[in-house]
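Peer 1: Chain order of the listed sequences is A and B.
Each residue of the first sequence is one higher than the one before, counting from 1 in full-length UniProt numbering.
Each residue of the second sequence is one higher than the one before, counting from 1 in full-length UniProt numbering.
Simulated from the structure, these hints should not be mistaken for lab results.
Treat the hints with care, since some could be wrong.
If chains are identical, the list can't say which one is meant, so a pair holds when it fits in one copy or spans any two.
Below, simulated SDA-like cross-link-like pairs (lysine to any residue); rule was C-alpha separation at most 25 Å, straight line [claimed, not checked]: (1) K198 <-> L63; (2) K44 <-> A33; (3) K44 <-> Q243; (4) K431 <-> E276; (5) K198 <-> R141; (6) K431 <-> A25; (7) K431 <-> G21; (8) K198 <-> E277; (9) K431 <-> L62; (10) K431 <-> D87.
Protein chains: 2
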Amino acid sequence: MQVEGQHQDDQFHADIYGEDGVIRAAFVAHIGAAIADRDTLTLKHEVGDLHQSELGDLLEALLPDQRRALVDLLGTDFDFSALTEVDEAIRLDIVDNLPNAQIAQAVQELDSDDAVYILEDLDQEDQDEILSQLPFTERIRLRRALDYPEESAGRRMQTEFVAVPPFWTVGQTIDYMRDDTDLPDRFSEIFVIDPTFKLLGAIGLDQVLRAKRAVKVEEIMHETRHAIPATMDQEEAAREFEQYDLLSAAVVDENERLVGVLTIDDVVDVIQQEAEEDLLRMGGVGDEELSDTVAATSRSRVPWLLVNLCTAFLSASVISLFGATIEEMVALAALMPIVASLGGNAGTQTMTVTVRALATRDLDIYNAGRVIRREVLVGLLNGAIIATLLGLVAGLWFHNIDLGLVIAAAMIVNMLAASLGGILIPLFLDKLGADPAISSSIFTTMITDVIGFLAFLSFATWWLHLGGG
Amino acid sequence: MQVEGQHQDDQFHADIYGEDGVIRAAFVAHIGAAIADRDTLTLKHEVGDLHQSELGDLLEALLPDQRRALVDLLGTDFDFSALTEVDEAIRLDIVDNLPNAQIAQAVQELDSDDAVYILEDLDQEDQDEILSQLPFTERIRLRRALDYPEESAGRRMQTEFVAVPPFWTVGQTIDYMRDDTDLPDRFSEIFVIDPTFKLLGAIGLDQVLRAKRAVKVEEIMHETRHAIPATMDQEEAAREFEQYDLLSAAVVDENERLVGVLTIDDVVDVIQQEAEEDLLRMGGVGDEELSDTVAATSRSRVPWLLVNLCTAFLSASVISLFGATIEEMVALAALMPIVASLGGNAGTQTMTVTVRALATRDLDIYNAGRVIRREVLVGLLNGAIIATLLGLVAGLWFHNIDLGLVIAAAMIVNMLAASLGGILIPLFLDKLGADPAISSSIFTTMITDVIGFLAFLSFATWWLHLGGG
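Please construct the entire structure, taking both the sequences and the accompanying hints into account.
Peer 2: Okay, here's the thing in structure tokens:
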């Protein structure tokens, strides 16, 4: 019977998502129609059993009006945790549309980390009003988490946890868990604390299960080497999880008192978020979401373009120094962007590898020397390959072997500059404490543009003056 | 006493890593000296307690000769799981230096997923020889995992798990776990199977702990909605974990028999790896590791540069069409790369956001229309801002207002092309089933180069022929 249940369930899941992993249009249309008909019964039936992430995907697929209507129609049956799965703009749109009293009601049903996730984006006034309508203990818990800095472990932690004194037996602990209904939904560790909530140790649930009932908790608990200060940056906390393969970790305040627990599912979100940040920054984009407005998107991208405008004028002024040379041989104008463009791409390759290796801490003082040497050699090798081809084609195109030699020489110089720039710029920015993902790209291409134009045009000038043209 | 233990431990940990998260030079030097002295006692004392990831970091910080010597000196005290934490080239170097008999010995101590991770990179002959020296059941388990395709769930799964029949009681299950010494090191779920190993359901350990001893397993087990086929791609499996916040998931063969369990710590590695792949691909770099040789690195990067060489010639031939115009006014040669460069950067911004949103499945048929419209509007808005500034500066520089107007007009056209290219090219590649991270960048900059030069030079030609020059 259970197996059948499983199959039905898979069927249901397959019903929502198509082969490509995107929610099916037919399902969205079906829900859209039920919303238009204000058919609460159908909606509760179809949406009530969805996982929070499925409901989140559904919300994102609906139109803004439909979203708000769906939340209204579902009323208390709407699973607020789905709001942690949607873009910030969509979350704010939905929450701003609801009375604070209803949000206060819903927030009480959530795990504290989800509640904080929803509350932290609201303005101070709404936050205070919602918190004021919560029961005392709930209010204190959420307030404390919200008081920690943004993107800290304290913001992401769950304040529900199981903690027992060291002198309890395994049997007592198991009985306590059987009786207490106020336990977190899911947990993988039990914490051991003293009467002042100081953290003494932890026990994995599998250890509890394997121990005899009479064994004392303190005999099987292990030291909590990886207790995380509540003020620690979430990225650093995520790194601890990765390094030590943690499933959960105790979060402690400045007095080493247990205040919460950070779990791997939240950490997975942090890891994704940080990888996304690096990728976007390297592409010259700030903290952007797909649901942002035109104005917000423009604001996030214009600064980078302005910097690029300055570096482009720098290249232009290099070229303008060689006006006479270009007038003498206009083919140079057509060929010079090739040298700059290939240098830019080679520099971007080196820079991408370097920025990523710095982010994962794979590049450090122990291998920096070796990696720099490797990049220089790769630059020379690839430079030789590309220069040969480029020189041949350019020489044939303009029926001028000398021109081919000039551009080949410039290409090798620029590929070397690209390698050096691509590795030294991020290393230098990292040393300065700046995020190499943000500005390495612009500086690297600035160097390959300037060196590319300069090398090619100055070699060409020298060659023309030799009488080669 | 336990608290003191914890403090000592923290101290120890702090001893290895410096403030910047990099392993301390003093520690590496200390180990290096002990290796040089062949001081096995010190090495066992210092290295024996390290976590596998700490030992991995230490191995990466040592010189190749030191690494091999350390592994030799530690002998059976060397924790082979540390090899799963180092670069592939380093792992192969260490493993190739060891006799197969010693590897076979070590592999038996490892969890099956770690063993597979180490074995899968060896050549077939070594693999077979090592497997032949393992006990029968161990050999069958590893062979089965290795038979699944690379990067599949079957390769990453652990074949050690706890499975019980549905008619057992919670008490029987707990007693079984207390007595069986062959359990996995850590687990968070118990699986329920029928006599043919068909998966019936699963129970979280916290549920076992909360249930009374007399309760039957089948009463508290839940359906395993998220059983993962062993042949499923690891990236897809990781997406299931993320979407449903799983800690572990059953892996089943084509007959829905339980063959292993995939755990979140392995999935975290997969997530990191996939994010890294996307980042490197967008930077024009293949499957590269920091420890790769010059030749391997060059091989991974040359293809991209060759494609770039072709697109660069395309731009060059566009410019060469306007030789007469450039001869007439050589300032155009200096200004034209500005239009191309800014277009390229704006296109990269749009493309980066699009590629990332496709990878996370945030961009789909439900919002594609809206996002395309937004990108076009952002392109026009940013185009207007940049064009105004560029036109002003260029006009002032060359004391020529008309030239400023020409370049401003070309800039707006190219920013529009950049927006459209930046979003439509990845969408189109995705539709074709190609990975948009790989080739979007080259096509986008090809378009912004060609359109940038074409628009600027043709507008300039038209204006010069009007007699404006």
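Peer 1: Could you check the structure against the hints above and give me the numbers of any it violates, in ascending order?
Peer 2: Violated: hints 1 and 8.
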